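Q: Here is how the chains run, residue by residue.
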Amino acid sequence: MSRLHVSLPGLNMKNPILPASGCFGFGKEYAKWYDLSVLGGITIKAATLEGRFGNPTPRVAETESGMLNAIGLQNPGVMKILENEVPALEPYNIPILANIAGSTEEEYIEVTRQISSSPQVSAVELNISCPNVKEGGIQFGTHYKSAADLTRKVKAVSKKPVYVKLSPNVSNIVEMAQAVEEAGADGLSMINTLVGMKLDWRTGNPILANKTGGLSGPAIKPVAIRMIYEVSQKISLPIIGMGGVSTAEDVLEMMSAGASAVAVGTANFVNPYVCPEIIEQLPKLLDEIGVENISEMTGRSTKQWRTPLSSR
Amino acid sequence: MKKHLLNITSNIEIARNIFEMKLTGPGVGSMTTPGQFLHVSVGNQSSKLLRRPLSICDVDLERKEVTLLYRAQGEGTKQLSHKHEGEVVDVLGPLGNGFELAEMDKNKHALLIGGGIGVPPLYYLGKHLKKKGIEVTFILGYQSIEDSFYIEKFKEIGETIVTTVDGSLGIKGFVTDAMMNVVENEPVIYSVGPAIMLKAVEERAVGLRGYLSLEERMGCGIGACFACVCPTETRESGYVKICSDGPVFKMGEVVL
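Taken in order, these protein sequences are the chains called A and B. Using this note's numbering, read the first sequence as starting at 4 and increasing by one per residue. Using this note's numbering, read the second sequence as starting at 171 and increasing by one per residue.
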């Protein structure tokens with residue numbers, strides 16, 4: 004078995020790298036740049052029950068070492084995704100993590116029922132953390148009880164393992180993680196974007212038509228590292244880490260914090276080849292620190308501290 | 171589609187905050203279609219991570235040199251304007267779909283209308299059309315004389331009408347104020363500029379055929395991030411992606 008191999012519920016990955024949801028479409032655009040079969044897996048763009056157009060433009064604004072987006076979950080709807088988008092990924096033979104979203108509990112449940120029935124879908128990522136839609140999304144992800152309730156109901160219908168994607172826009176990320184663990188989640192994805200805003204100083208108006216958006220990119224990586232570090236010590240679920248990862252060094256840092264796999268988001272826009280370049284670089288970095296298998300990296304930080312930082 | 175590392179051969183200010191950057195490298199050989207754009211990185215030393223979509227203004231295939239014109243307005247383009255000859259620029263492209271010239275088989279007159287920093291791609295397009303034996307008329311709109319550029323170069327290709335908002339050069343007003351006499355000859359329209367200008371152009375060109383090239387803030391530039399969508403009534407999905415379905419669309423195809 005390859006030294007980069009990692010195994011998570013439903014996701015048997017030849018390396019720990021997968022593109023993050025919303026940053027890679029359904030894969031076909033990047034397939035024009037490289038062979039997607041090199042990836043450890045792929046997270047596809049959020050599916051809702053019906054097609055959604057999303058928010059008005061401008062939908063992106065650049066910030067220091069990052070960007071704000073307010074796309075608004077634009078997607079063709081779960082049926083068309085299953086008809087057109089998922090089958091197109093078949094030749095690459097990589098695990099598919101299907102991100103699902105909704106305005107109501109019923110919508111989440113129905114989307115999960117449909118998408119988890121596809122033999123091609125390996126696991127479901129429950130998006131309770133999108134900050135850019137008026138209904139649903141983050142409102143399920145910022146209250147412990149509603150997050151746990153939704154997780155329980157989605158788990159009841161899902162034919163595949165369920166990863167809950169947590170929002171960093173909460174006062175206590177550990178309690179949120181514990182709530183969804185108790186509700187039966189199979190894993191966590193963390194973190195989604197941080198809610199932010201940018202104004203045009205000349206006019207005083209927000210750049211984004213949606214006014215606020217989700218901050219991503221290297222600017223948020225320290226927040227992601229801290230949250231993964233704290234959460235991983237208090238729960239026993241595997242974590243797919245994400246938030247500002249753009250280099251192989253970032254991947255190993257995030258795994259050290261407690262992630263078992265790592266998703267790459269905004270960096271795909273900066274460099275379309277970033278995922279294969281990271282995958283190629285990883286063995287060299289492991290050699291440099293004398294680690295044989297990448298799975299040994301997970302949670303190294305907490306193993307090295309006698310008193311975990313989170314309990315101080 | 172490819173990523174290229176190109177060498178800067180010159181980068182100079184040609185009008186107020188308007189820079190002309192010339193770049194050379196083997197990748198230039200693929201940049202043969204007017205209306206396409208390059209997604210330009212400010213550089214990995216910058217905190218500005220996203221690329222800038224800059225339309226191709228001119229290509230010299232023999233010298234393997236591409237010309238980009240850009241306005242140094244935000245922090246990223248200002249950083250770009252400080253780059254010197256010999257520095258390397260990382261670009262993706264050519265991206266997007268350029269102007270279709272097939273329409274010109276039936277019509278021997280083209281009207282090319284550009285506003286502000288929308289003007290540059292009309293230069294490469296004008297050269298292509300002229301080479302096909304098409305009569306080309308330009309209407310170029312600027313804020314004022316200080317903001318105007320490339321007028322003499324456009325005149326070498328065809329008749330060039332200039333408008334400025336403050337009247338400091340050419341006709342006082344907008345590009346649409348200069349359209350009336352020219353559209354009588356029923357030319358094919360090619361127009362690039364902000365959406366509000368394109369909408370006005372479309373209204374003045376009722377019954378004519380033509381193409382519009384749209385501007386929008388972009389993320390990935392390759393159709394994956396859904397940042398630069400535009401509504402349309404002509405496709406089942408209800409939208410187009412400006413970066414990968416466009417940036418050039420037929421007149422009437424998108425809702426401006």
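Bear in mind the hints are in silico, worked out from the structure with no lab data behind them. From a predicted model like this one, the values you see are computed outputs, not experimental measurements. For glycine and all other residues, C-beta sits at the position ideal for the given N, C-alpha and C. Hints should not be assumed to be uniformly reliable.
Claimed, not checked - Here are a few chain B residues that face chain A, going by a calculated C-beta distance under 7 Å:
1) I178
2) I182
3) F344
4) A394
5) A397
6) E406
7) G408
Q: The structure should be examined with respect to each hint, and the outcome stated for every one.
A: Going through the hints against the structure:
1. I178: violated, 20 Å
2. I182: violated, 25 Å
3. F344: Nearest chain A Cβ about 21 Å off; hint violated.
4. A394: holds, 4 Å
5. A397: holds, 4 Å
6. E406: violated, 9 Å
7. G408: Because about 6 Å separates B:G408 from the closest Cβ in chain A, which is inside the 7 Å limit, the hint holds.
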